[in-house]
Amino acid sequence: MRSAISKLTALAVIAIAAVAGPLRAEQPDPKNWPAVLEAAKGQTVYWHAWGGDPKINAFIAWVGEQAEARYGVTLEQVKLASTADAVATVLAERQAGQDADGSVDLIWINGENFAGMKSEGVLFGPFAESLPNWPLVDVAGKPATVMDFTEPTEGYESPWAMAQLVFEHDSARLPDPPRSAKALLDWARANPGRFTYPQPPDYLGTTFLKQALYAHVADPALLQSPADEASYEAVTAPLWAWLDQLTPHLWRSGQAYPANEPALGQLLADGEIDISFAFNPGRASAVIAAGELPETVRTFVWDGGTIGNASFVAIPYNAAHAAGAMVIANLLLDPEVQARAQDPAVLGFQTVLDVASLGETDRAQFDALDLGVATLAPADLGPALLEPHASWMTRIAEDWVSRYGVVQ
Amino acid sequence: MTQGGVLRAAPPLTALLMAGPVLAGLGALAIPLSDGDGLARLLAWNGLSGAVRLSLVTGVVSTLVSLALALLIVAALDGRRSFRLITRALSPLLSVPHAAAALGLAFLISPSGWIARVLSPWATGWQTPPDVLILNDPAGLALILGLVVKETPFLLLMILAALPQADPARRMTVAASLGYGRFAGWALTVLPAVWPQIRLPVCAVLAYAMTSVEMALILGPSLPPTLAVQIVTWSMQPDLAWRGPAAAGAVLQLGLVVAVLAVLWLGERLVAVLGCRLAFTGRRGARLDGIVAPLAVVLAAGSAAAVGLGLAGLGVWSVAGLWTFPDALPATFTTGTWESAAPGLLAASARTVALAAISAGAALALTLACLEAEVRFGLRPGHAALWLLYLPLLVPQVVFLPGLHVLFVWLGFGGSLWAVAAVHVVFVLPYVFLSLAAPWRAWDARICVAGAALGAGADRVFWRLRLPMLLQPVLTALAIGLAVSIGQYLPTLAIGGGRVTTLTTEAVALSSGGNRRVIGTYAVMQTLLPAVGFALALALPALVFRNRRGMRGAT
Amino acid sequence: MTGLVLDRLTVRRGGVPVVALDLSVRPGEVLTVMGPSGSGKSTALAAILGTLDPSFERTGSIRLDGIDVTDLPTRARRIGLLFQDDVLFPHLSVGGNLAFALPPERRGRAARRAAVEEALDKADLRGFADRDPATLSGGQRARVALMRTLLAEPRALLLDEPFARLDTDLRGRIRDFVLDRIRAEGLPAILVTHDHEDARAAGGRIVDPTGRPVPDAP
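Residue numbers (the working numbering), protein chains in the order written: chain A, 6 to 413; chain B, 4 to 558; chain C, 903 to 1120.
Don't read these hints as lab results, they were simulated from the structure. Using N, Cα and C, we set each Cβ at its ideal position, and we do this for glycine too. Accuracy of the hints is not assured; some may be wrong.
[Unchecked claim] Restraint-style ranges between C-beta atoms, simulated for each label pair: (1) C:G962 with B:G385: 49 to 59 Å; (2) B:A387 with C:V918: 50 to 60 Å; (3) B:A142 with A:T252: 42 to 52 Å; (4) B:L546 with C:G917: 33 to 43 Å; (5) B:R173 with A:S258: 24 to 34 Å; (6) C:E959 with B:R173: 50 to 60 Å; (7) B:L42 with A:R368: 28 to 38 Å; (8) B:M554 with C:E959: 23 to 33 Å; (9) A:D308 with B:V301: 34 to 44 Å; (10) C:D1023 with B:R552: 55 to 65 Å.
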């Protein structure tokens, strides 16, 4: 009973404080790096990251070993089915008045989730541009490292991997895959049931829709500003017309969709479909190297380019171990870590660093990488199209759910 | 407090533990409901009618089919030699977590699954998997199948437990001497005595089947998903505005369950009237046996095989190298998956075992205290106590857990192992209690009198006579408790806030990724742990009492 | 030939004979099998009824009105059974219990109801059809149980200590009622009991489960 009363009192105090001004836990100053390192020592950082891919999980575990050895920071991956789970946890904690000592220290994040947390004001920072490894990031060559779905990162998240949409096909079954939205439709008509995409609002599934949207807009610049009511209908109408034609020829006639990227990849591995895609140009090679896809699988891109973006890590405002989290964010930008992430046998993620300007030994680690049998050379990867404004993704995903989300 | 005081407090404490979290979680629904347009947004969702229909159809059909199958097996086969074989094959399925069973089944029946692989291409001509909608079908047939194979063993064991009090042997002899067939005689004379005892378990199965999240995620449709899955999806949205429709959906879900239970109550009366009418016609139904008995054998063997083969298939995947369609077995084998998964597996297993040990241990202690209090203070638990015990199983988890989470965070134990363990106790205790109560109450009270006559006090009788003599059922109850805790998905996810990961939460998270190799390792571990618990529960008493013939097979 | 014939019926367990009966029971005769508990009386009944546990070995045959029923299932033997307890079904009314036994060939609700009323009349239980069996006295229950057995139109009757649970004053009357009905229906019957008075009242031969005559003395 006493504790209940004290809880009520605490709640009242929090409520008053909320009116008076935000109550912030004392968090470390990112500009004082030695102090950050000192504070981080002995901390356990809970990194909330999507846990659906064992390769990524293994990579995070390896990063944890490095952090332990180099900085005395313990890293625990909290494996999520969806990044939204971590965001929800932070918001639930704020709702409950827990403004310090929160359970989430670091989130693998980008796009909508980042925009949501940033506008809610539940992120720690800015910190990213104070990290010692920040100068190595290729901001000029890879503008997506500071522009997350047209949302400026402003130092509230730190990039750790670049990604670009590439398609995958088994050259033994399908030697000449369709390289445009129109060609895909013609091919699907001739080969019904052999193509599908992850069910929106899944990230990759919605990315596929955005990729198709690029093929159907006259002026791509439109997509860089927020989707407004007037233009949205007109701009997306050709996309829906195209999708209406494609849907009956999809896998399971569009009556079911795979959940996400690995589920889509598994369908290719099982021979249920002939074309899949991933937000990772090195995925196919990595999976072949692991012996889980036939060696005849190759990757390709659409004429005119495919969408590319960056993956980030962000720190919640109430993180219990913000110093440790910053150490991890910095470690993720370390050339050795970046080179390992790019190794197709490990992850096959593209680096965010400017490799050309790295020192001799660091560059050698990248040069030594064998990109793998299915990975396109940088020159063949084609232009990386910028992510449309996050509002497009939200609207398209919602629209898709109301159009195709209920089987008639 | 004296020891008697502790014992006296056990029953009310247990009642509070059963009812408190449910009521608190329900109450917490009011917060998101009070502000905003939750109901309007729920009603605006175009998938609502589909989701509600799915929840009703999959829940009701799977429960009716499981019940019919379990009754069929007992009615047609009890007393025959095949019966022991079938109950032996089905009861281990009880310890298989829902998620693992669903994952195994998914691999078995999908168009690129094991059945299709074994039959291709020689029998089917398929070089690539056929494009047919078997898994995640909009009608929810795969989900119904999954629920049936998992719930039938549970109902079967519940019927077996209820049977001795229904006087089946003499009733069946009377019915047979009057010329009745086995099945008809059982249905008309034994079932009416069994039903009142299995009514609550059937209600619990119905409530579970209508609101299961992990099975519906793996086997159910997604266009739209079941209402329960949609509620969880909304609860997890970063945008807080979705909490409103989630809470409104939870209230709707609760209403659906209550409505269906009410219909069940009416249906029960209708069946009773029709049954008495049928009995009045005197039809002997002797010819039914020829159809029913083989049907029961085939269906029972089919369900056991579906789960068994599914799990075996996942086991093979966990050591598979390249395994393309239509190969029946992998082209290469590797231990690589296990090696790379080992650190995560070990950590998750350790946490799973810790949670299970804490929650099952606490549930067993409370159960023993309640049962001993019954004996010492001459308490006679009534119907209300039984309903209370079933409360956490009848009120859908998806309805009261999100509210409970907010409450826990507010109290400052959000996301801790202890909070998760405490909530596990709520779900573990009913099973432990139900499994232990019958043998405990059936224990020969004359031994107690004999002990007392020799000067033993109540404590001595408890520790030196009752507990050792009931070692087998006590350990079985503990093993059941461990299995229930190991299988918990939503409580672990919702209360742990993602921070407390177990084999089950990891397996379901991985299932969204579709990597069968890693899923295989988790599913194998998930199945193995409860099995080890049951094996120990059988082996320990046999070892302890190896020189005591009177204690063998005594339960 | 009519009646119940046990043709060298023996039952062994682990080679040891428990039951050895070689005799016939005429219609209307009540043969008594007597012996202390554990002497094989119940085993003899189970063998005749067809509910013997598989762990027993049976030889010989059972003929009823000239038909060999040895290998028929219980339900097809048409041998009625009366237990020590009445085993009335508590979920059915008194009339429902009786209709349960009535052959299905008697069609129509009204006709079946009439047959039930007639049986209740014979047992002095007029107007009891809609009663809950739980509200009946021991004697009333015993009579309902007998009428239920008889309504199934059995060709023989087995009585498994049917009077053991009744009070002494009631016992005589119910026994007379049962024996009178058996004689009136002209059924061959076997009574299993350990009570000399029951045996004497039955008025037939008295043997032990291995077929030896039992002297009629207390």
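Going down the list of hints, with the structure as the test:
1. C:G962 with B:G385: 49 to 59 Å: Distance hint for C:G962, B:G385 holds at roughly 54 Å.
2. B:A387 with C:V918: 50 to 60 Å: Given a distance of about 54 Å, which is inside 50 to 60 Å, the answer is holds.
3. B:A142 with A:T252: 42 to 52 Å: With a Cβ separation near 19 Å, B:A142 and A:T252 fall outside 42 to 52 Å, so the hint is violated.
4. B:L546 with C:G917: 33 to 43 Å: Once the Cβ atoms are compared, 35 Å apart, the range 33 to 43 Å for C:G917 and B:L546 holds.
5. B:R173 with A:S258: 24 to 34 Å: violated (58 Å)
6. C:E959 with B:R173: 50 to 60 Å: About 24 Å separates the Cβ atoms of C:E959 and B:R173, which means 50 to 60 Å is violated.
7. B:L42 with A:R368: 28 to 38 Å: Given about 60 Å between the Cβ atoms, the range is violated.
8. B:M554 with C:E959: 23 to 33 Å: Because 31 Å falls inside the window, the suggested range holds.
9. A:D308 with B:V301: 34 to 44 Å: Given a distance of about 56 Å, which is not inside 34 to 44 Å, the answer is violated.
10. C:D1023 with B:R552: 55 to 65 Å: Taking Cβ atoms as reference, C:D1023 and B:R552 lie about 57 Å apart, which means the hint holds.
Hints 3, 5, 6, 7 and 9 from the list above are not met by this structure, while the remaining hints are.
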